[in-house]
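With chain S's structure known, arrange chains R, H and V on it following the hints.
4 protein chains.
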Amino acid sequence: MAEVRRVGMLTGGGDAPGLNGVIRAVTMKCAGEYGYDVAGIRLGWKGLLDPKEGDIFPLKVDDVRYILQEGGTILGSSRTNPYKREGDAEKVVRNMEQNGIDALVAIGGDDTLGVARRLHDEFGIRVVGCPKTIDNDLSATDTTFGYDTAVSIATEAIDRIRTTAKSHERIIVVEIMGRHAGWITWGAGMAGAANVTLIPEVEPDLDAVADLFKKRAERGEPWGIVAVSEGVTIGEEYITQTAERDEFGHVRLGGIGETLAGELKERTGIDTRHVVLGHLQRGGTPTAYDRILSTRYGLRAAEAVRDGEWGKMVALRGNDIVLVSLAEATEETKTVPRELYDDLATFFG
Amino acid sequence: MAEVRRVGMLTGGGDAPGLNGVIRAVTMKCAGEYGYDVAGIRLGWKGLLDPKEGDIFPLKVDDVRYILQEGGTILGSSRTNPYKREGDAEKVVRNMEQNGIDALVAIGGDDTLGVARRLHDEFGIRVVGCPKTIDNDLSATDTTFGYDTAVSIATEAIDRIRTTAKSHERIIVVEIMGRHAGWITWGAGMAGAANVTLIPEVEPDLDAVADLFKKRAERGEPWGIVAVSEGVTIGEEYITQTAERDEFGHVRLGGIGETLAGELKERTGIDTRHVVLGHLQRGGTPTAYDRILSTRYGLRAAEAVRDGEWGKMVALRGNDIVLVSLAEATEETKTVPRELYDDLATFFG
Amino acid sequence: MAEVRRVGMLTGGGDAPGLNGVIRAVTMKCAGEYGYDVAGIRLGWKGLLDPKEGDIFPLKVDDVRYILQEGGTILGSSRTNPYKREGDAEKVVRNMEQNGIDALVAIGGDDTLGVARRLHDEFGIRVVGCPKTIDNDLSATDTTFGYDTAVSIATEAIDRIRTTAKSHERIIVVEIMGRHAGWITWGAGMAGAANVTLIPEVEPDLDAVADLFKKRAERGEPWGIVAVSEGVTIGEEYITQTAERDEFGHVRLGGIGETLAGELKERTGIDTRHVVLGHLQRGGTPTAYDRILSTRYGLRAAEAVRDGEWGKMVALRGNDIVLVSLAEATEETKTVPRELYDDLATFFG
Amino acid sequence: MAEVRRVGMLTGGGDAPGLNGVIRAVTMKCAGEYGYDVAGIRLGWKGLLDPKEGDIFPLKVDDVRYILQEGGTILGSSRTNPYKREGDAEKVVRNMEQNGIDALVAIGGDDTLGVARRLHDEFGIRVVGCPKTIDNDLSATDTTFGYDTAVSIATEAIDRIRTTAKSHERIIVVEIMGRHAGWITWGAGMAGAANVTLIPEVEPDLDAVADLFKKRAERGEPWGIVAVSEGVTIGEEYITQTAERDEFGHVRLGGIGETLAGELKERTGIDTRHVVLGHLQRGGTPTAYDRILSTRYGLRAAEAVRDGEWGKMVALRGNDIVLVSLAEATEETKTVPRELYDDLATFFG
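From first to last, the protein sequence lines are chains S, R, H and V. Numbering-wise, the UniProt record's numbering puts 21 at position 21 of the first sequence, and it's gapless, one number per residue. Numbering-wise, the UniProt record's numbering puts 148 at position 148 of the second sequence, and it's gapless, one number per residue. Numbering-wise, the UniProt record's numbering puts 328 at position 328 of the third sequence, and it's gapless, one number per residue. Numbering-wise, the UniProt record's numbering puts 311 at position 311 of the fourth sequence, and it's gapless, one number per residue.
Source of the hints: derived by calculation from the structure; they are not laboratory data. Hints may contain errors.
In this list, chains with the same sequence are indistinguishable; a pair is considered to hold if it fits within one copy or across any two.
What the hints assert, rightly or not - The list that follows gives simulated cross-link-like pairs (lysine-lysine, DSBU-like), each with its CA atoms no further than 35 angstroms apart: (1) Lys91 <-> Lys60; (2) Lys52 <-> Lys91; (3) Lys265 <-> Lys60.
None of these values were measured; they are calculated from a predicted model.
For reference, chain S alone in the conformation it holds in the complex (with noise of 0.2 angstroms):
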C-alpha cells in the first residue's frame, strides 16, 4: 500500500465540546511532528460525499493552535451518511481519492464511526476512529469526552434552580438531554443534589415521587429538584392531569419535564414548574477535563494513523488510552447500570 501523505479529518454528528481539543492534537502531531499533509473536511460525510469549493481544505498548525478552548467543530458537522443512499459510499471513495486523501480520522459518534467501519472493512480505506458523544453511552471507552461538560452545566442550573425552588417553595422539574440513556441526567442529578432522579433505564413510578414530596413538605421543605432525562416516559394510564387539555379533550403533551410538572403538581398539590435545557449542554468552552480528554484522543489517534492502525478507534481505558476495534467500538450501547442508579436512592428525598 502507498504511503500515508495526506490525512483527511472530519466531525459527524451532533457537536461535543471537545471536538476543537482533537482538531487540534490530531493536526498538531499530524502536520507538526508527523510531517503530513492534513486536510480539514467541512460538515462530517457531507464534504466528502459532495464537496463544495473550500470544503476540503489544508489544515496547518497554525490554524489550530488556539482553538482548545472553543466549543463546536470548526470542521462544522452534519448529519449526513453516506451509507443511506445507493452509490453514495463510492462517491466518498471517489473524492478521497480525487483530493489525494490516502487516510481518514473520522470523529463522530455511532453514526459517524459506522461508516468508517465500513468503508474501511468494505473499500480498505485506511481510517482511524475517534468516538464523540455527550451522552457517554459507548460501551468501547470508559469516558467519552464532551460528557463531563455536559454534566457541568446541567449540574450548575440544578444549583441555580435550588434557590428558586427553595424560596417559592416550588418543584422544579430540570429536563436533561439523554433519549436512551441516562448517563448526564444520573452524573447532574448526583452532583447536583436533586431530590429525585429519573433516567429512560428506569421505569419511573410517579405515586413514589410525589410521597417523597409529600414528605419532604410534611417535614418542612415543601419543595425539591426533579433531575429528568428527556427519554424517560410515562405510561399514559399515570396521565391523571386534566389542566392542559384543550377544546376537543385531547392532554396536549409536551416533553417530558412539562408532562412530569403537571402530574407532580396534580399528585402533590406543590406548585411545580419544568425547565428544559436543551441546546444549552452541548455548548460553549469544555471542562478542563473534557480538554485534557479530546487532546489525549487526538494525540493517540495520530499515533494510531503513524503507526498504520486502521480500522481502531481511540478509547479511555482507567487512565490510559488505547485502541480498540471500530467493530467493537459501535456495537454496543452502554446504558447506566442498576447499582449506579441505585446509588442516587441514598440521596431521594
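Chains R, H and V alone, transformed into the frame defined by chain S:
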C-alpha cells in the same frame, strides 16, 4: 408616635438574586448597630396576613452573616396581596400590632411596594421599601438588583449556544425573560452579541430578520443567534409555518421562541432551533454587582428606618443610593427607550 | 478643516476586559455605518511613534465581529508616552499625516488620555477619548469598563478561599489590585463578605483588625478573610513580626499581603496565610456588564467622531453615555469616599 | 467483636473540594440507611487526641443534606499526627472507647491514612479509609477527588492570563501547586494550552524554554504562558539574573514562579511576569466531577463499614469504586510518567 422597637422584614413576588444581600444588610445594621429587634416574616404578605407558627421569627446577626452568596430569599416569598380581598389589609395591620412589629421593610416589586404604599397611606404603617425586580423596569431607580445576574446568565447561555449554532449551521432562538420590558434581552443581546435582538417595546419585522440571516448565509455564515423576550408577539397574519398544525388544522403555538424558530426556518430555509431559559435566569449566586447593589440598598433602608423616613424607597441614582417616595416608585414602568434599542442595530447581521 | 476619511484607533496602558468591546463598536459604527476607513494602530502610542510594518492596518467589520467576548486588546498595548522625550509628539503627528489618519480614537487611562489631550490642544489633532482603567478611579465617569470584571474575579477568589480558611481555622489575606484607589478592594470586600477590608485611602489600624479576629475566635470562628489593596502601607513602627528576618537581621518584606499576614499571625496567634491575585484580575472574558459598558462607550465615541466632537471623552452618568472634555476627564483621581468605606464597617467581624 | 453501633468520621490534612461530598454520603448511608449513629470528629486526629467540648458530635442526615456544593470540610481539619509523640496513639484509642466510637471512617492523604493503618494494625481499630489529595499522587486510585477542581481552577487562570500576556506581549509564568508530583500542572498545562509546562518529575532546561519563546517572538508572537509546579527546582548554576540581588549581593529568590520569570526575562529580553495561584486552587465549590467521585467514595466507604471491611480504602479503577488495602494505598507516590509529560511537548511553542 411610639419609638420603633421591632422592625419586620418581608420579601414578596418572584425571587431575585440579591434578596439575601438586602436582608443581611438590614439585619446587620438594624439589629447589630442600631439595636432594634428584627423580625423575619415568611412568604411575603402571606406571613402577615395569616401567620403560621414560625412565620414571624427573630432575625439575628448570626443568622445572616453568611447568606450574601446565596440566591433566593431566606424569608421565602409569595404573590399574596392583601388588597385583593376585602378586610385582608386590616388583618395585616392587626397582625403587625399583635406581633409588636412597629416598622416594616418591604422588599419587592410593583405589587409588593404598592401594598406597602397603601398600608402607609391608609393605615399610617411605618414602612420603608426596597425595589426588587430582575426585569429592571422601575423608573425610580437606575438599576434593580437581580438584573445584572439575569443578564449575565442569559449572556453566558448565548456564549454557549453560539458554538453549536456555528458548528451545525443553524439559527438558534434564545427566549429570555421579560413580559413587558425588554431590558434583560436588550442586555444579553448586546453582551452576547446576538445577531438580532427582539423586545416587546418594538414590533418585530420577521421579513427583515429573515433577510438578515439570508445575507449572513450568502457571505458564508448560515447560522446565528436571535435573542427574544418572552413578551414579544407576532401578529397572526405573519404566521406562515405549517409544520406544527394538529389533526384539526390548529396551529399549536408554543412560546415566542418556538414560534419564531418555526417562522425563521420557513422563511430562510436554515435549520432553526430554540431554547427557553426560563427559571435558570433568576436563581443562583448573585453577581458581584448585585451583591454590592443589594447590600447598599439594605444599608440605606436601615438608615431610613432609623431616620423615620416612612413611605420612602431606596433607589440608585448614578453612584448614589437615595430615597424616593413609594408613590413615585410604583408609578411608572421603565421600558427600553427606542434609542437604546437602536444601539443594537449596529451589530445586527 | 478637511473631511475625516480615515479614523485611527489605539489602546494604551494596562489591558482591561472590555477593550475589544470598544474596538468592535467603534469599527462597526465608523466603518460599517458611517463609511470611514478605520485604521488599527498597534501597541498604543508606540505604533504611531515608530510604526513597524503592519503596525497601522485596516480594521474591517469582519475583523471585529466576534471579539466582544475576548479579554485583552486585539490592537496590543504599551506604556509608550510621546511626551516623555523631546520631539516624539511631533513624530506622532507626522506619522498620522503620512498614514492619512485624520482623526483618532484613543482608548486608555490617565496617561494615554493626557497625551491625547495635549495632541489635541497643541497640534489640533482631532481626537476622541475613551476612558479605560480597571481601577475605576476617574472622576469624570461613574464607572470604567474592566472594573466590574476585576471585582467579579476578586470576589470569586474570596468565595473560594473562605472554605479553606474555615476548614483550617486560618486567616487568609487576599491582596487585590489598587495602588492609589481602593475601588476594586472595596467592591470585592463588600461582595465577597470579607471580614475586614483595607484600602489605601484609610490608614489601617492593625490592632483593631487583630482584635476583631480575636473576637471572632472567642465566639467560635477562629478564621476569616482580609481583603487588602496592594497600595495599603503600614507604618514601620507597627511591624512586629520576626519570622522572616534573614541572617543579617533584615526584615524581608514582600507585598502588603505577606506583611499583613505576618503581622496578624503575630498579633492573634491564628495561622495566617496570604494570596496575591495579581494578573488574574485583569484578563479573561469580560462580564456582561463590561461588555455592555464598553460597547456603549464605543458607539458613543463613533458618534463623537461623526459629529466632530474633538477633545472630548465618553463617560457614564447614571444610565447615560455622555461626552465630557478630555481636560475634565484627566483632572482628578476618584478615590473611595470615606462614607462608602464606612458602609463596609457594618460587616466587619 | 462487638457489633458496630457508632461510626466516627474525621478529615485530616489539607482541605480538598469534595470532602463534604464524602461526609454527606457516609452520613446519609450509615445513619439514614443502616441506622448507625454517626459521630463527626472535629479537626482530624486532633479531635480524637484531645477532644474539646463539641469536638465529637452526632452527625444527622439533616446536617449534611445540603453540603455537597460546599468546599472545605464541615468537620474542620488539622495536620495533627498521633504517631509523632509517644503515647498519643494510645490516647486516640482511649478517646474512641470513651466516646463509644467503635468504627472510624478516616478521610485524608498519606499522613492521615498512614495513621489509620497503624491504628488498625497495632490496636485492631476498625477503620475504613478514603483517599484525599488534590495532588492526585496516590498510586492506589486512578484519581483523587479535589484534583479535577484544582486543575479546573488553574486552567481558568491560564485562560484569563493569556489575553493579558498577548495584549502586552509578555511571558507570564503561572506557579501551580505540586511539591513532588506535577499532576495539577500537567493537567492545567494541557487544558490551558500553556506554551511550556514544567513539573518536578522532569529537570527543566531553561535554555530550551528560552529558545522556544525566542522562536515564538520571531514568528510574531512575543508572548506566552509557562505553567510550572511549585516544586520545580533550578540548579544554582543556571541562575543568571541580577535584577533582584540585594545590597549584599545575595540573590533574593522567591518561589519558582518568580525565579523563573526573572531567568526568562534575562534570556529572552521579553517582559516576563509571574502569578502564584496558591490557596485559590483548593477552595470553593467542587466541580461536578469531584462531587460525583467524592459521593461515590462515601457510599462505598459506608458499605465497607457495613461489611466490616476493616483496614481497607476506597479507590477508583476505571469506572468502578473498589476497595484496596490501606497498606497498598499508602505505599507509593504516583508521579507523572515520562510519556504523559512528553504528550505535552506536541503543544510546546
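Tested hints:
no.	hint	verdict
1	Lys91 <-> Lys60	within (26 angstroms within a copy, 40 angstroms between copies)
2	Lys52 <-> Lys91	within (14 angstroms within a copy, 50 angstroms between copies)
3	Lys265 <-> Lys60	between (56 angstroms within a copy, 30 angstroms between copies)
Hint violations for this structure: none, all hints satisfied.
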